[in-house]
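Visitor: Per this note's numbering, the very first residue in the sequence shown carries number 873; after that it's consecutive.
By construction, these hints were calculated from the structure, which means they are not laboratory data. We put the beta carbon where it would ideally sit given N, CA and C, even for glycine. Any given hint might turn out to be false.
As the list claims (entries may be wrong) - Within a straight-line C-alpha distance of at most 27 Å, the following computed DSS-like cross-link-like pairs (lysine-lysine) qualify:
#, residue 1, residue 2
1, Lys1307, Lys1232
2, Lys1097, Lys1250
3, Lys1307, Lys1153
4, Lys1153, Lys955
5, Lys1421, Lys1513
6, Lys1421, Lys1250
7, Lys1307, Lys1250
8, Lys1232, Lys1250
9, Lys1153, Lys1232
Said to hold, decoys possible - Pairwise CB distance ranges, derived in the manner of DEER restraints:
#, residue 1, residue 2, range
10, Arg1343, Gly1249, 19 to 29 Å
11, Gly1019, Thr916, 40 to 50 Å
12, Glu1001, Gly918, 51 to 61 Å
13, Pro1352, Ala1498, 13 to 23 Å
14, Arg1520, Gly1309, 29 to 39 Å
15, Gly1167, Ile950, 42 to 52 Å
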Amino acid sequence: MLNTQVLNVDAPQRQGLASQTVALPDAFIRWQLRTRRAMYETITAGQHPRRHPAHLPVMITFQADGDPSTGSGHGFPIRVATKGAGLTPRDEVLERYIGLLEETMARCEGRPWEETLAERVAAVQALIEHPEDIDPRRLGFLEIFAGGTYRNLQCDPRVVLHYTGDGPDYPSFQINGYAEILDQDDPRYRYIALTRRIFEAAPFHLPQPDYAAGYLVWVQEVLDKTPYSLAARVPHPSQDARHNTLEASRFTPQVSRPTARAPSPSDVTFREILVPVDNSKYSAWAMDVTLQIAGSFRSTVVGNHVYAARLHDQRFRDMEPGLPEEYQEPTILAHQRNLHDTLIEKGLKLISDSYLELLKRRCQERDLRFVGKTPEGKNYAELVRDIEESGYDLVVMGVRGLGEVWHRGERRDHVLGSVCERVVRRVSRDVLVVKNGRPLEGTFVVGIDGSDRSFAALRVALALAEAAGARVQAVAAYDPFLHKTLFHELEEALTEEARQVFNTEQQQKLHDELIDTGIARIYADHLETAQRIAAEVGQEIETQLLAGKPYTAVLQYLRDTQPSLLVLGRTGVHADEGLDIGSNAENLLRLAPCHVLLVGRTFTPTWAETRPVVVESLAWTPEALARLERVPDFARGMARKAIENYAREHGLEVVDENTVVEARQRFGM
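Please construct the entire structure, taking both the sequences and the accompanying hints into account.
Guide: This is the structure:
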């Protein structure tokens, strides 16, 4: 908790308190990044930012005795003010960002404000484009007026900040910390001051030639007061149970964690959905699916179209040597460049806005909140950056775009669009890839392999199915032919001597009886776990155990049943760290004839682990054990299991010598 006894401390003592800090939570950082980008887009468009609550928290400071001259007396020893706050770079990279701001200001000096606006915005925006450089333990402020807040902090460093944002989520955070007062020679003060001075000529800024001081508010405690987060502390069927943590590793994907209470369909929500648009039919289908989901969950819909003005600019410069001679004169060439750049920049931006306008109107018709984004850059890279930084609950995108591939007059359905494939591989959020114009309806199929992501996929499918009125089928696939194939290949590779020792025919029979049967029982158990997960949220599912190579068996099942949606974990039970997508998921993403949802979140049932296949051993007579000892060591364990299975099939409780002889004759041992 905040130390309420820290009063009248000197600078070294204040700085020593830095060891007590905690990191700002992921939810707060993502909100800051998202809203600041929106603010910079407004400024770049030449408009005034009308309201920016993420930049202007209420700051509360304390004065122990109260001073009526500062408005803090009469028994109310606090002062309330609205202060501009900003994120600051880590000390290791601070000089780099100071240099960028100073160089930009020097380059823009004496030039018209409108002409330099984009450069100024880019310099200030550089930090939020590299969130790994942000110090999550502190926030920066400038003192403009040197009034009551400044006097209070000189006596008592305690600070309470209260942030409240716009709907529909209404993010709200109380940040308790202490202020370190920075003098004007401090590099941290220089950075904070430069972020304001670079906009000093802006019409929305109060002119100020100098600043009394700067502050760093070091964070000691964060209280998430967002209404949804508060509601989640008490189980309620209409709210999303989320819990914010104060973790230093801020930019890791958020995943579902096991909770103490039984899950419910409302545990899976889609409060913010991103849909990239490009005016293709696949983009239009993705919008349809997005609006279907958003309408059920009252989601915020974010439309994003990336345009590549710089790419066109580079292409124009590549073509310059081939222009007619009359265009090669430097002043004419410079004029053509400016004309081309203006037309391309404005033209592509207008096209992007037009793409988003349709989605915006459709959201308005459904009373859904809409946010439009039109970043400039490489399409897949900008989408990946936005997805990972914004933390969307779901991304919905078309399987292909305007560059659809056809071969000899036929579309190649297994081909993923380049943007779709690159995005899917590089993000960790849930991604729904839309393949046709069919809505989410009828049947949803979920692939279950016992991994935490497959169980999370089931919960996502249950939530979507409840909203769409669809039924859910869980399938698990195991390969009973794998060991047969391996033994066949092994037999061809062995020498005659090795074949006699290994006796592949006997080994194959044992595997048929034990290994493949055991694997089938394990996957059947996974399906039982899936049924229980569904039952605990009041839903029933159908299950199907499939035999065959997993992706081919599931693919055939999809062709036979014609579902509208396949839901899979992004990776499976055999995934190692760093794997972007599992092989079965990748093959089904390409080949499935329906929409495919790859789930990145995880869920571990708290009430049980997957049950291993445990069978009690039978009693053996000494004579039977003596015969078992003749089996080579490497095969003795499998032989014992095979003989015991044979005994159980015949209703025996004890394995005697005759049972061993009969079993060996059956298996050729």
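Visitor: Under the criterion that the straight-line Cα-Cα distance not exceed 27 Å, is the pair Lys1421, Lys1250 satisfied?
Guide: The given pair, whose Cα atoms are some 38 Å apart, is violated under the 27 Å limit.
Visitor: Would you check the hint for Lys1153 and Lys955, treating anything up to 27 Å between C-alpha atoms as holding?
Guide: violated (47 Å)
Visitor: Given the hint that Lys1307 pairs with Lys1153, test it: the Cα-Cα distance must not exceed 27 Å.
Guide: Within the cut-off at roughly 10 Å; holds.
Visitor: Hinted pair, alpha-carbon criterion (27 Å max): Lys1421, Lys1513. Please report holds or violated.
Guide: holds (26 Å)
Visitor: Given a hint of 51 to 61 Å, does the C-beta separation of Glu1001 and Gly918 actually sit inside it?
Guide: violated (21 Å)
Visitor: For Lys1097 and Lys1250, compute the direct alpha-carbon distance and say whether it is at most 27 Å.
Guide: Answer violated: Lys1097 to Lys1250 is near 37 Å, above 27 Å.
Visitor: Check the hint pairing Lys1307 with Lys1232 against an upper bound of 27 Å on the C-alpha distance.
Guide: holds (22 Å)
Visitor: Lying within 29 to 39 Å: is that true of the beta-carbon distance Arg1520 to Gly1309?
Guide: violated (54 Å)
Visitor: Holds or violated: the 19 to 29 Å window for the beta-carbon distance between Arg1343 and Gly1249?
Guide: violated (42 Å)
Visitor: Lying within 40 to 50 Å: is that true of the beta-carbon distance Gly1019 to Thr916?
Guide: Violated: the Cβ-Cβ distance is about 33 Å, outside 40 to 50 Å.
Visitor: Would you check the hint for Lys1232 and Lys1250, treating anything up to 27 Å between C-alpha atoms as holding?
Guide: holds (23 Å)
Visitor: Are the Cα positions of Lys1153 and Lys1232 separated by 27 Å at most?
Guide: Answer holds: Lys1153 to Lys1232 is near 17 Å, not above 27 Å.
Hint compliance for this structure: hints 2, 4, 6, 10, 11, 12, 13 and 14 are broken, all remaining hints hold.
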